[in-house]
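*Asks:* Produce the complete structure using the sequences and hints provided.
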Amino acid sequence: MNDGEGIRTVLFFKGCPLNCSWCHNPESIRCETEYFCESGTMRTIGKSYDIDELLRIIKEDITYYQVSGGGVTLSGGEPTLFMEYAGEIAKALYENGITCALQTCGYFDFADFKETLFPYLNCIFYDIKLFDSNEHIKHTGKDNKLILENLTLLSEENIRIIPRTPLIPGITDTAENLESFYRMLDKSGLKDAYVKLKYNDDGIKKRERLKTGSS
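Just so we're on the same page, this note's numbering is the position in the sequence shown counted from 1, plus 1.
Simulated from the structure, these hints should not be mistaken for laboratory data. Idealized CB from N, CA, C, for every residue including glycine. There could be a bad hint or two in this list.
With a straight-line Cα cutoff of 25 Å, these simulated DSS-like cross-link-like pairs (lysine-lysine) come out [claimed, not checked]: (1) Lys92 / Lys60; (2) Lys143 / Lys207; (3) Lys115 / Lys188; (4) Lys207 / Lys139; (5) Lys197 / Lys207; (6) Lys48 / Lys207; (7) Lys92 / Lys48; (8) Lys143 / Lys115; (9) Lys143 / Lys197; (10) Lys143 / Lys199; (11) Lys48 / Lys60; (12) Lys115 / Lys146; (13) Lys206 / Lys139; (14) Lys192 / Lys146; (15) Lys197 / Lys146; (16) Lys146 / Lys188; (17) Lys139 / Lys197; (18) Lys139 / Lys199.
Pairwise CB distance ranges, derived in the manner of DEER restraints [to be verified]: (19) Glu177 / Glu61: 42 to 50 Å; (20) Phe13 / Thr42: 14 to 22 Å; (21) Phe13 / Ile63: 14 to 22 Å; (22) Phe111 / Cys32: 16 to 24 Å; (23) Cys32 / Lys206: 20 to 28 Å.
*Replies:* Spelled out as structure tokens, the structure:
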């Protein structure tokens, strides 16, 4: 119930173009299947679904979506890394009267996104982490130019956008970083929708178990 309006099903995609040092879902960074050590037992992380199978599972809860105003949220990892597949899922949901939201790091080709996935979304949670490009490269492995450009382009579209910054102590929660985003979002009309997320340190323990169990 924390990934959009109403009761929702969240689809976590495995694979992300960024490698954030604080990621609380480190098992979703690599595209490849990994193994997770839990209480001495090895668990496989990552499963493939075809669209029909996934839709069948989702539709089992369609009454909850209808009653609560909920739907499905594509998360990850990064759904836009698999643009065609994500677009097919979102389109199938749309055709079945199920709303679809997206959680994204913003690192995608805008033209492809606009044509393939965007038409079937009703809300975008857009993560902006570091305004300074050098700091962004240092902590995520990628430059932020594309991310900020895409946010500016999206701000001109008719869709609800919720910019978000995870407050990582000493990294993203600095006054300089947040004030830079305030100024940028004010210009694009998104300042009032800006959300600052409390730091989730679950990723620390997860990374240790992935190190133990990866292959």
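*Asks:* Against each hint, give a clear statement of whether it holds in the structure.
*Replies:* Hints, verified against the model:
no., hint, result
1, Lys92 / Lys60, "holds, 14 Å"
2, Lys143 / Lys207, "holds, 22 Å"
3, Lys115 / Lys188, "holds, 22 Å"
4, Lys207 / Lys139, "holds, 21 Å"
5, Lys197 / Lys207, "holds, 23 Å"
6, Lys48 / Lys207, "holds, 18 Å"
7, Lys92 / Lys48, "holds, 21 Å"
8, Lys143 / Lys115, "holds, 22 Å"
9, Lys143 / Lys197, "holds, 21 Å"
10, Lys143 / Lys199, "holds, 23 Å"
11, Lys48 / Lys60, "holds, 19 Å"
12, Lys115 / Lys146, "holds, 18 Å"
13, Lys206 / Lys139, "holds, 22 Å"
14, Lys192 / Lys146, "holds, 19 Å"
15, Lys197 / Lys146, "holds, 21 Å"
16, Lys146 / Lys188, "holds, 17 Å"
17, Lys139 / Lys197, "holds, 21 Å"
18, Lys139 / Lys199, "holds, 21 Å"
19, Glu177 / Glu61: 42 to 50 Å, "holds, 47 Å"
20, Phe13 / Thr42: 14 to 22 Å, "holds, 21 Å"
21, Phe13 / Ile63: 14 to 22 Å, "holds, 20 Å"
22, Phe111 / Cys32: 16 to 24 Å, "holds, 22 Å"
23, Cys32 / Lys206: 20 to 28 Å, "holds, 22 Å"
Hint violations for this structure: none, all hints satisfied.
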